[in-house]
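A.B. asks: Put chain B on the given structure of chain A with help from the hints.
Keeping their order, the protein sequence lines are chains A and B. The opening residue of the first sequence carries number 1 in the working numbering; numbering runs sequentially from there. The opening residue of the second sequence carries number 1001 in the working numbering; numbering runs sequentially from there.
Calculated from the structure, these hints are not laboratory results.
Partial chain A-side listing against chain B, Cβ under 10 Å, derived:
#1 Gln-6
#2 Tyr-35
#3 Gly-40
#4 Met-41
#5 Gly-42
#6 Glu-59
#7 Cys-91
#8 Glu-100
#9 Phe-103
#10 Pro-105
#11 Gly-106
#12 Arg-108
Note that CB positions come from ideal geometry on N, CA and C, so glycine has one too.
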Amino acid sequence: NAGVTQTPKFQVLKTGQSMTLQCAQDMNHEYMSWYRQDPGMGLRLIHYSVGAGITDQGEVPNGYNVSRSTTEDFPLRLLSAAPSQTSVYFCASFSLAGIEQFFGPGTRLTVL
Amino acid sequence: DAKTTQPTSMDCAEGRAANLPCNHSTISGNEYVYWYRQIHSQGPQYIIHGLKNNETNEMASLIITEDRKSSTLILPHATLRDTAVYYCIVRLINAGNNRKLIWGLGTSLAVNP
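For reference, chain A alone in the conformation it holds in the complex (with noise of 0.2 Å):
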């Protein structure tokens, strides 16, 4: 199994721009969600996902959107990008069933 894959790892967008950042998972995993690190601060969650069709906002939803069509794949829109979103994106991933969360590698996004 891959696990929790991000991609890009590293984006510099200039402010106004749009983007969609990809997460996918291969574990079948029913719960997946978005969480934004900063530096001096734990991780935020953005917003989660209970299963396809159905996402919920998290603590810092402002700014991004998501949609999940499938089971596999979560990705987190920002459609007007600010330097204020610059941060270290992490996907994770886990069974409803289950214990542990996984984590992806992380995108690191910079909005200049």
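C.D. replies: Chain B alone, transformed into the frame defined by chain A:
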């Protein structure tokens, strides 16, 4: 979910045991204690979890006090590769669809040669 308190940083000599404390004085009876770690720039990695009994796996041991208000993660023979930030988190047993974990700043462990 209950909050946790951890020291900001700790040092440990290579080959010695690393004991990382966590205070969770407001933990309720239906909350697990979880430990994750994050090696520089990587995604967090699950280490171990427990409810009230001590637990051990191939990575670490978890000691939970009888009143469950604190716990200690033990890395029995720390190596340089154990240098990481260690997070202590509490989570409801029957979280169902509510799997939000509240992440603090963790303890930055430096294992020195």
